[in-house]
Amino acid sequence: MPAGAEVGEVHYAAVRAVSASQNYVALFECTVKAAPEVVEEVVEEESGVMGAVITTALVTAAIAAALFFFVL
Amino acid sequence: MWKVSVTDRPVFAATSAALAVASGNTAFTFTGFATAAEGLWVSGAASVPAIPDPRWDTVTQSFEVEAGKGFSVNVNVVTGSTTASVVAEEDLVDEYNKPLNLEARSLILYGEVAKETAAVTTVGSEANAIWSAMDAATATAYPGFSW
Chain Z
75 MPAGAEVGEV
85 HYAAVRAVSA
95 SQNYVALFEC
105 TVKAAPEVVE
115 EVVEEESGVM
125 GAVITTALVT
135 AAIAAALFFF
145 VL
Chain G
313 MWKVSVTDRP
323 VFAATSAALA
333 VASGNTAFTF
343 TGFATAAEGL
353 WVSGAASVPA
363 IPDPRWDTVT
373 QSFEVEAGKG
383 FSVNVNVVTG
393 STTASVVAEE
403 DLVDEYNKPL
413 NLEARSLILY
423 GEVAKETAAV
433 TTVGSEANAI
443 WSAMDAATAT
453 AYPGFSW
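Heads up: the sequence lines are chains Z and G, in that order.
Start counting the first sequence at 75; every next residue gets the next number (the working numbering).
Start counting the second sequence at 313; every next residue gets the next number (the working numbering).
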């Protein structure tokens, strides 16, 4: 398809064939469609990852401390 | 007119695998002319059939292609001495003799499978290698076209 073809344009091509003394013709109808959009990958910030690690560690420590005093 | 290739590549070989195709190509291969799954061709028996009019006739294949991509057609029918050729743009008309494609927006033939006749050198004379239409499909080479 032409690089500058617009979405929705319709183009045709045809092929003739002869086989076993029989004549044939084929018509191909080609419609231009839009190229798929490129989805950019979202990169999570490093500080966000570190923050999640620290938060998890603090929560785990608090739960451990509570269990420790509860058992005692 | 039989055009070998717009690029006329020196490595062009008369096999279907060597057919020059555009990137992202949509390929169609026909092993017969009356197979519904592959697409039906119009048969005119001994006479040459008219090109179907897409307004009310069934086309062989209707599909979508991204701009800048292409498609190819291979006729892999070995039995019955099969030959094939592309309909010239000026002959690509409907039943009222109107062109099917918009002017200056026609598809460009990108590659064809053809037959190579090697160069022959004898004493005192020389015949250059030539490309020509395939005589007929064989077990390893058959007509193929890409746009």
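Rather than coming from a laboratory, the hints here were simulated on the basis of the structure.
From the three backbone atoms N, C-alpha and C, an ideal C-beta is built for every residue, glycine too.
Don't take each hint at face value.
[Stated by the list, open to error] Here are a few chain G residues that face chain Z, going by a calculated C-beta distance under 7 Å:
1) V360
2) Q373
3) G380
Notebook entry, point to check: Once the shortest beta carbon distance from V360(G) to chain Z is found, is it less than 7 Å?
Noted result: holds, 5 Å
Checklist line | Status of the Q373(G) interface restraint (C-beta, 7 Å, chain Z) | finding: Since the shortest Cβ distance to chain Z is 5 Å, the answer is holds.
Checklist line | G380(G) as chain Z interface residue, shortest Cβ-Cβ below 7 Å | finding: holds, 5 Å
When held up to the earlier numbered hints, the structure conflicts with none and fits them all.
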